[in-house]
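S.K.: Sequence:
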Amino acid sequence: MGSHFRGMSKHEWINAIPRLRTHLDYSIQSILKFSYDALCGEDKDLFLHIACLLNKKRIENVEEYLAHKLLDTKQRFHVLAEKSLISIEEGWIKMHNLLEQLGREIVRYDELGSIREPGKRQFLVDGRDICEVLTDGTGSRSVIGIHFNSFELSGELNIGERAFEGMLNLKFLRIKCDQSDKLCLPQGLNNLSRKLRLLEWDHFPVTCLPSKFCTEYLVELNLQHNKLEKMWEGNMVRNIMVMCLSPAPKPQEDEFVPFKEPKGAT
Numbered sequence: 008m009g010s011h012f013r014g015m016s017k018h019e020w021i022n023a024i025p026r027l028r029t030h031l032d033y034s035i036q037s038i039l040k041f042s043y044d045a046l047c048g049e050d051k052d053l054f055l056h057i058a059c060l061l062n063k064k065r066i067e068n069v070e071e072y073l074a075h076k077l078l079d080t081k082q083r084f085h086v087l088a089e090k091s092l093i094s095i096e097e098g099w100i101k102m103h104n105l106l107e108q109l110g111r112e113i114v115r116y117d118e119l120g121s122i123r124e125p126g127k128r129q130f131l132v133d134g135r136d137i138c139e140v141l142t143d144g145t146g147s148r149s150v151i152g153i154h155f156n157s158f159e160l161s162g163e164l165n166i167g168e169r170a171f172e173g174m175l176n177l178k179f180l181r182i183k184c185d186q187s188d189k190l191c192l193p194q195g196l197n198n199l200s201r202k203l204r205l206l207e208w209d210h211f212p213v214t215c216l217p218s219k220f221c222t223e224y225l226v227e228l229n230l231q232h233n234k235l236e237k238m239w240e241g242n243m244v245r246n247i248m249v250m251c252l253s254p255a256p257k258p259q260e261d262e263f264v265p266f267k268e269p270k271g272a273t
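First residue of the sequence shown? That's 8 in the working numbering, and the numbers climb one at a time after it.
I should point out that these hints are in silico values taken from the structure, not numbers from a laboratory. Be careful, since some hints might not be right.
With a straight-line Cα cutoff of 30 Å, these simulated BS3-like cross-link-like pairs (lysine-lysine) come out [to be verified]:
#1 Lys101 x Lys76
#2 Lys237 x Lys101
#3 Lys81 x Lys17
#4 Lys202 x Lys64
#5 Lys40 x Lys63
#6 Lys17 x Lys64
#7 Lys63 x Lys202
#8 Lys63 x Lys76
#9 Lys63 x Lys234
#10 Lys51 x Lys63
#11 Lys101 x Lys64
Estimated spans, in silico, between C-beta atoms of each pair [stated by the list, open to error]:
#12 Gln82 x Lys40: 33 to 39 Å
#13 Gly9 x Lys237: 53 to 59 Å
#14 Glu89 x Leu175: 22 to 28 Å
#15 Asn176 x Lys40: 23 to 29 Å
#16 Thr142 x Thr214: 35 to 41 Å
#17 Lys17 x Cys221: 19 to 25 Å
Where is the CB? At the ideal position from N, CA and C, for every residue including glycine.
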């Protein structure tokens, strides 16, 4: 950033900083990517998982999420922290938003053929791409993670019954929703991958999880502000480390205030 601002006036710095919080300048991106390119393959994989899916999560949970995929994750976190690609603060993983953008750009442009066909990417993080995949049902076995923020929606999104059918390797599903009526599941939520390790969905809009919902590999179930009336059929596997199931707050009824006649009224 120092090189980027060299030769600019203080006024230009002030104008440029807000944009840099949300958009990578090419010169900064090339320097950050140099650090990424120096990583080994598995450390790159961990970096992309954090940038696309697992930023601001507890480190012990992330270790459990990735236990099936990466060996010696503690050492790999140490490598990323030593290179200032992440920080670990009181047990929480934090990645700077510019590095997060870098990881998402790498996924978007470095995966062969995935620019035109988002359903073939490993990670889906762009709102428009996610809407396209869920609406058209074009998700494939390549997709292992979805991180969607409904604030990117101008209207509502109807998710079809078979939207997740092709995503047999989906392991991470994170949906941030500011209200329950933005994402609609008129036919319920079906065909979720049996390999899910993280299911996080704010304002979960249905009253029951799928009848064939599999918890065999599930590490975290986080359905805050949900409308659930019951969980699922059958027994729950006890591998879950984190479970948050707070219901949606009920609308407050107007409090009745009895009428009092003012003193001196006739």
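S.K.: Starting from Lys17, check that the Cα of Lys64 is at most 30 Å away, please.
M.R.: Violated. Lys17 to Lys64 sits at ~36 Å, over the 30 Å cutoff.
S.K.: Just to be careful, I want the Cα atoms of Lys81 and Lys17 compared with a cutoff of 30 Å; is the pair within it?
M.R.: 41 Å, violated
S.K.: Taking 30 Å as the top limit, are the C-alpha atoms of Lys40 and Lys63 close enough?
M.R.: 21 Å, holds
S.K.: Within a Cα-Cα threshold of 30 Å, do Lys202 and Lys64 meet the stated pairing?
M.R.: 20 Å, holds
S.K.: Quick one: are Gly9 and Lys237 within 53 to 59 Å, going by C-beta?
M.R.: For Lys237 against Gly9, whose Cβ atoms are near 57 Å apart, the range 53 to 59 Å holds.
S.K.: Starting from Lys237, check that the Cα of Lys101 is at most 30 Å away, please.
M.R.: Roughly 34 Å separates the two Cα atoms, so the pair is violated.
S.K.: Are the Cα atoms of Lys63 and Lys202 separated by 30 Å or less?
M.R.: 22 Å, holds
S.K.: Taking 30 Å as the top limit, are the C-alpha atoms of Lys63 and Lys234 close enough?
M.R.: Status holds; Cα separation ~26 Å.
S.K.: Hinted pair, alpha-carbon criterion (30 Å max): Lys101, Lys76. Please report holds or violated.
M.R.: This hinted pair holds, its Cα atoms lying about 21 Å apart.
S.K.: With respect to the beta-carbon atoms only, verify the hint that Asn176 and Lys40 lie 23 to 29 Å apart.
M.R.: At roughly 27 Å between Cβ atoms, Lys40 and Asn176 fall inside 23 to 29 Å, so the hint holds.
S.K.: Decide if the proposed pair is consistent with the structure: Lys51 and Lys63, CA atoms, cutoff 30 Å inclusive.
M.R.: 18 Å, holds
S.K.: Does the hinted range 33 to 39 Å hold for Gln82 and Lys40 at CB?
M.R.: 23 Å, violated
Consistency with the previously given hints fails for numbers 2, 3, 6, 12, 14, 16, 17, ordered from lowest to highest.
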